[in-house]
Amino acid sequence: MRASEDELRGLMISGLDGNAVDHAALLRLLVPLLRGFYRRRANGSADDIEDLVQETLIAVHTRRSTYDRDRIFTAWLFAIARYKMIDHFRRVRRLQPIEDLEDTLVADDFEEASSARMDIDELLETLPAKQARMIRATRIDGLSIAEAAAADGLGESDVKISVHRGLKSLIARIQGGDR
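Mapping of the sequence shown onto our numbering: position 141 corresponds to residue 722, and the numbering continues sequentially without gaps.
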């Protein structure tokens, strides 16, 4: 049985609120989800896949405080899973194409990813609210332009322009050292 986004998110939030039973249930439900994710992408042995699943579960548990309750849980989960997979490829020095790598912020390990996330949050705070929301929705949360537009009640062109202008501003700020 595959759990829905709402069920997983509800269990995560309940676990954050101190419900250990729900947190344990969440981790159990994530096992088959993560196994499938890694089987489709990692092309490793069963032991490698099981190691990746366990590493991801540990990261979900130890980094649960970084989860933003207002965000999509599975986007957060699969970001962790991608980082763990990249770390695994680095350890075994295997070249493997990773879907959408050019759109993914890659950190050396999960601790650095958390630091990168804080840096991103600080940078986004310097932008106008709409630009920051649209960059977060499309580039971080993984929504399509149409989904982000519908969720925020905007036109698709408005979303595209907001993302473009926001990214342009961030690039200028980073290259110029302005923060």
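Incorrect hints may appear among the rest.
Stated by the list, open to error - Heads up, simulated SDA-like pairs for lysine to any residue below, C-alpha to C-alpha not over 20 Å straight-line:
1) Lys711 - Asp739
2) Lys741 - Arg714
3) Lys711 - Arg652
4) Lys741 - Glu706
5) Lys749 - Ile721
6) Lys711 - Arg672
7) Lys711 - Leu724
8) Lys711 - Ala660
9) Lys711 - Leu735
10) Lys711 - Ser725
11) Lys711 - Ile721
12) Lys741 - Gly757
13) Lys749 - Glu737
14) Lys711 - Ile667
15) Lys711 - Phe659
16) Lys711 - Gly734
17) Lys711 - Glu728
18) Lys741 - Ala713
19) Lys741 - Ile726
20) Lys711 - Asp651
21) Lys741 - Leu705
22) Lys741 - Ser725
23) Lys749 - Leu704
24) Lys711 - Gly736
25) Lys711 - Phe670
26) Lys741 - Asp722
27) Lys749 - Val673
28) Lys741 - Ile752
29) Lys749 - Arg717
30) Lys749 - Ala713
31) Lys749 - Ala731
32) Lys749 - Pro709
33) Lys741 - Leu724
34) Lys741 - Ile721
35) Lys711 - Ser750
36) Lys711 - Ile701
37) Lys711 - Ala731
38) Lys711 - Asp649
39) Lys749 - Arg714
40) Lys749 - Gly734
Everything labelled a hint here was simulated from the structure, so no lab data went into it.
Okay, the hints, checked on the actual structure:
About 10 Å separates the Cα atoms of Lys711 and Asp739, which keeps this hinted pair within 20 Å; it holds. Of the pairs offered as hints, the one joining Lys741 and Arg714 holds, with about 12 Å between alpha carbons and a cut-off of 20 Å not exceeded. Taking the CA atoms of Lys711 and Arg652, the gap is about 16 Å. The hint holds against a cut of 20 Å. Taken as a hint, the Lys741 and Glu706 pair is honoured in the structure, with Cα atoms around 19 Å apart against an allowance of 20 Å.
A distance of roughly 16 Å separates the Cα atoms of Lys749 and Ile721; the hinted pair therefore holds under the 20 Å criterion. For the hint pairing Lys711 with Arg672, the CA-to-CA distance comes to about 40 Å; that exceeds 20 Å, so the pair is violated. A threshold of 20 Å between alpha carbons decides the hint, and for Lys711 with Leu724 the separation of about 15 Å falls inside it, so the pair holds. The suggested pairing of Lys711 with Ala660 is violated, with an alpha-carbon distance near 23 Å, which exceeds 20 Å.
Our distance criterion of 20 Å between C-alpha atoms is met by Lys711 and Leu735, whose separation comes to about 10 Å. For a cut-off of 20 Å, the pair hint linking Lys711 to Ser725 stands: about 16 Å separates their Cα positions. Restraint check: the Cα-Cα separation between Lys711 and Ile721 comes to about 15 Å, which is no more than 20 Å; the hinted pair holds. A threshold of 20 Å between alpha carbons decides the hint, and for Lys741 with Gly757 the separation of about 24 Å lies outside it, so the pair is violated.
A distance of roughly 18 Å separates the Cα atoms of Lys749 and Glu737; the hinted pair therefore holds under the 20 Å criterion. With a C-alpha separation of about 32 Å, the suggested pairing of Lys711 with Ile667 is violated against the 20 Å cut-off. This hinted pair does not check out: Lys711 and Phe659 have alpha carbons roughly 25 Å apart, beyond 20 Å. Our distance criterion of 20 Å between C-alpha atoms is met by Lys711 and Gly734, whose separation comes to about 11 Å.
Note on Lys711 and Glu728: the hinted pairing holds, with a Cα-Cα distance of about 15 Å set against a maximum of 20 Å. For a cut-off of 20 Å, the pair hint linking Lys741 to Ala713 stands: about 12 Å separates their Cα positions. At roughly 7 Å between alpha-carbon atoms, Lys741 and Ile726 fall within 20 Å of each other, so this suggested pair holds. Using a Cα cut-off of 20 Å, the hinted pair Lys711 and Asp651 holds, with the two alpha carbons roughly 17 Å apart.
Straight-line distance between C-alpha atoms of Lys741 and Leu705 comes to about 16 Å, which keeps the hinted pair within the 20 Å bound. Simply put, Lys741 and Ser725 have alpha-carbon atoms about 10 Å apart, close enough for the 20 Å limit, and the pair holds. Between Lys749 and Leu704 the alpha-carbon distance is near 12 Å, which keeps this suggested pair within the 20 Å criterion. A C-alpha spacing of about 12 Å is found between Lys711 and Gly736, which places the hinted pair at or below 20 Å, so the restraint holds.
A C-alpha spacing of about 37 Å is found between Lys711 and Phe670, which places the hinted pair above 20 Å, so the restraint is violated. Taken as a hint, the Lys741 and Asp722 pair is honoured in the structure, with Cα atoms around 15 Å apart against an allowance of 20 Å. Note on Lys749 and Val673: the hinted pairing is violated, with a Cα-Cα distance of about 36 Å set against a maximum of 20 Å. Taking the CA atoms of Lys741 and Ile752, the gap is about 16 Å. The hint holds against a cut of 20 Å.
Proposed proximity of Lys749 and Arg717 is supported: the alpha carbons are some 15 Å apart, at most 20 Å. Only pairs whose Cα atoms come within 20 Å are accepted, and Lys749 paired with Ala713 is accepted, the gap being roughly 12 Å. Distance check on the hinted pair: Lys749 and Ala731 sit about 23 Å apart at the alpha-carbon level, beyond 20 Å; violated. Distance restraint check for Lys749 and Pro709: the Cα-Cα separation of roughly 13 Å lies within the 20 Å cut-off, and the hinted pair is therefore satisfied.
The suggested pairing of Lys741 with Leu724 holds, with an alpha-carbon distance near 12 Å, which does not exceed 20 Å. Between Lys741 and Ile721 the CA atoms are separated by roughly 15 Å; this keeps the pair inside 20 Å, and the hint holds. Pair hint Lys711 plus Ser750 holds up; C-alpha atoms about 13 Å apart against a cutoff of 20 Å. For the given pair, Lys711 sits about 16 Å from Ile701 by alpha-carbon distance, which is consistent with the 20 Å threshold.
With a C-alpha separation of about 14 Å, the suggested pairing of Lys711 with Ala731 holds against the 20 Å cut-off. Of the pairs offered as hints, the one joining Lys711 and Asp649 holds, with about 19 Å between alpha carbons and a cut-off of 20 Å not exceeded. A C-alpha spacing of about 15 Å is found between Lys749 and Arg714, which places the hinted pair at or below 20 Å, so the restraint holds. The hinted pair formed by Lys749 and Gly734 fails the criterion: a straight-line CA distance of about 23 Å is larger than 20 Å.
Checked against the numbered hints above, the structure breaks hints 6, 8, 12, 14, 15, 25, 27, 31, 40 and satisfies the rest.
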